[in-house]
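When you get a sec, could you build the whole thing from the sequences and use the hints?
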Amino acid sequence: MDIAPYLLLATLEGLVQASVLMLTALGLSLVFGVMRVVNVAHGEFFMVGALIAWACGVYIPGPPAVGFVIGLVVAPLFVGGLAWFADWAVLKRINYNPEGTIVSTIGMLYIIQQFALLTFGPDARAVDAPFYYTIRTPWFGYSSYKLFIIVIALALVAGLWFMLRRSKVGLLMRATQFDKETAQNFGIPVDKVYSAVFAIGAMLAAIGGVLVVPNQQAHYLMGTDPLLLSFVVVIVGGLGSIPGTIAAAVLIGLSDGLLSVFFSPTLAKIVSTLLVAIVLVFKPQGLFSGKGARA
Amino acid sequence: MSLHSTEISSVKAAKAAEAEKGKDRFMIIHNGRLFALSLATLSVLFVLQFALSDYLVLALTRILIMSIFAMGYNMLMGYTGLLSLGHAMFFGFGLYAAGLSSYYFGTSLPVSFVIAIAASLVFSFVIGLLALRTEGVSFMIVTLMFAQAAYLATLYFSKITGGDQGMTLPTDARSFSLLGANFDMTSDVVRFNLAFGIFAVVLIFFFFVTQGPLGRLFTAVRENEPRTQMLGFDTYRVRLAAFTLSGTVCGLAGALYALMFGYIGSAFAGFHYSIEALLFTLVGGPGTLLGPLLGTGIMTMLIDRLSGITTAYLIIIGIILIVVNMWFPKGILGTIRERWVPWLK
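Quick mapping for you: the protein sequence lines, in order, are chains A and G. Under my numbering, the letters of the first sequence match residues 1 to 295, in that order. Under my numbering, the letters of the second sequence match residues 1001 to 1345, in that order.
It is worth saying that the hints were derived from the structure and are not from the lab. For clarity, every value in this text was computed on a predicted model and none was experimentally measured. One thing to keep in mind: the hints can contain errors.
Only pairs whose alpha carbons sit at most 30 Å apart, straight line, appear in this in silico BS3-like list of lysine-lysine [unchecked claim]:
{"id": "1", "chain 1": "A", "residue 1": "Lys192", "chain 2": "A", "residue 2": "Lys92"}
{"id": "2", "chain 1": "A", "residue 1": "Lys192", "chain 2": "A", "residue 2": "Lys168"}
{"id": "3", "chain 1": "A", "residue 1": "Lys168", "chain 2": "A", "residue 2": "Lys92"}
{"id": "4", "chain 1": "G", "residue 1": "Lys1330", "chain 2": "A", "residue 2": "Lys92"}
{"id": "5", "chain 1": "G", "residue 1": "Lys1330", "chain 2": "A", "residue 2": "Lys180"}
{"id": "6", "chain 1": "A", "residue 1": "Lys283", "chain 2": "A", "residue 2": "Lys192"}
Distance ranges between label pairs, derived from CB positions [stated by the list, open to error]:
{"id": "7", "chain 1": "G", "residue 1": "Ile1160", "chain 2": "A", "residue 2": "Arg93", "range": "26 to 36 Å"}
{"id": "8", "chain 1": "A", "residue 1": "Phe282", "chain 2": "G", "residue 2": "Val1122", "range": "19 to 29 Å"}
{"id": "9", "chain 1": "G", "residue 1": "Pro1226", "chain 2": "A", "residue 2": "Gly187", "range": "54 to 64 Å"}
Just so it is clear, CB atoms sit at the ideal spot from N, CA and C, and this is done for glycine as well.
In structure tokens:
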């Protein structure tokens, strides 16, 4: 009985999970960092992304890769629009009051989730991976699609990093995050920045949903776990800190993968939720960030 | 110097008089109109059992128990201003404490009930010690995470708790005798009157808490915590008192639910029940004595009707949460208090 193959498999699975988690959690972290609000409906944006990917895979003729690519474009656009609408219809009207936002986004969670139940029904639905190519290792074959997930996620994170650090839009976002009032005085359209950030955050979750669908089935309740894990990542990494979020995503993704392989997934979840609570109680600035939040 | 000492002695005299008054403070009913309204509400509830159909009496029994849950939640969220997203944890804790002791140790129902209340007291005190180190959004997330961990724990230990499937209490745990009288938990009439009796006790108890000095401290913390601190109160202890009281009463409601209906299951500890407590309180009016009862009544009947029409009835919960939060953050009774009836606290 050799433990090395198990360890390698668990590490690979953990890295795949970490990549999707990184995207989803970055969306949550970006929204919290710039707008100082917690979006409880974030997992539902993930779920809607996954359902759209399923719909594209089933209804668009041709090889699965075509549907997948179209889904990868359509899902974030649709979910971004949905988030933009939610921001305009609800969050702007309660002035982004932090506690009111949580209550409202819980409302959105129920609405989106139940609407998905009404339209897609209660069944879990599978999608074909866009390509099948199995990478052989001495012990087991590994789907190359899963490695592709890691690549896409890394590319997107690099893109997001570039946008925040090097582009005009990113500058406006960072200025708004740093000091909302002063930013407004300098003529930055804070309202529009907020709408954009909320939409971009949701789009990241939607892309996570699209990527995950060939691995696990699409289901109207699938948003709960990514939401919970994103919370874990964002809080352990330090609320609003993007480098911290990335580091925490890799740590949590890997350890969750390892724990789930060797112990029960439920136990892994208990440990991570308790970890969040304990971090918030005893070290609220997160494990990775020094002081305050950085972008 | 002499002037100074007379000042001190006059202060002492005033304090002594205050203490003298404090002795029978419990006897003085502040806000008599609200007390009268509470008694009137109780009598209407009692009479309703003779007017309603069997089905509605059963629904009302459930409403009364859920109202106790919402009232416990309201003590923290409405009066003290601490919004918890994890009170299903306390409801579930009371439910399991009562149910499991009946199931495994065969304790009689009143004993299980008392055990559950005592255990909830300790449990909510410990959770409060931790969670109250945070505030605002962090407090909401910490309570949510604790509750999620507790919910997952009921699933993980499903060999003991029955997990998602739940467990039905054995037949000998469905009745008890106390003081020579025999109570049968399968009878609708017995169940309603027991729920009513305990509801009445909790309501009157909460009347005295909220209209008395402790309740005013809770409100002071909600309105302006730094100022309350400056006035010399240890606000952490005030919040801890509110948290423990709230958690214990929610545990009591859970215990009552388990023993009355003879069923325990993980769902009662789930996120959805935390949101129900929040929803009932928000709709009825946070920080009002009778708001949770009103909110629970309206929402339970609404959900009951809707679930007959569609499986996706939770969508309405979502819409109501958003609408109430946006336009009526004070709820029904809170809005009435603001406009017309200032004593409706």
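Evaluated hints:
{"no.": "1", "hint": "Lys192(A) to Lys92(A)", "in the structure": "holds (11 Å)"}
{"no.": "2", "hint": "Lys192(A) to Lys168(A)", "in the structure": "holds (14 Å)"}
{"no.": "3", "hint": "Lys168(A) to Lys92(A)", "in the structure": "holds (24 Å)"}
{"no.": "4", "hint": "Lys1330(G) to Lys92(A)", "in the structure": "holds (19 Å)"}
{"no.": "5", "hint": "Lys1330(G) to Lys180(A)", "in the structure": "holds (29 Å)"}
{"no.": "6", "hint": "Lys283(A) to Lys192(A)", "in the structure": "violated (33 Å)"}
{"no.": "7", "hint": "Ile1160(G) to Arg93(A): 26 to 36 Å", "in the structure": "violated (47 Å)"}
{"no.": "8", "hint": "Phe282(A) to Val1122(G): 19 to 29 Å", "in the structure": "holds (21 Å)"}
{"no.": "9", "hint": "Pro1226(G) to Gly187(A): 54 to 64 Å", "in the structure": "violated (35 Å)"}
Comparing the model with each earlier hint shows violations of hints 6, 7 and 9; every other hint is respected.
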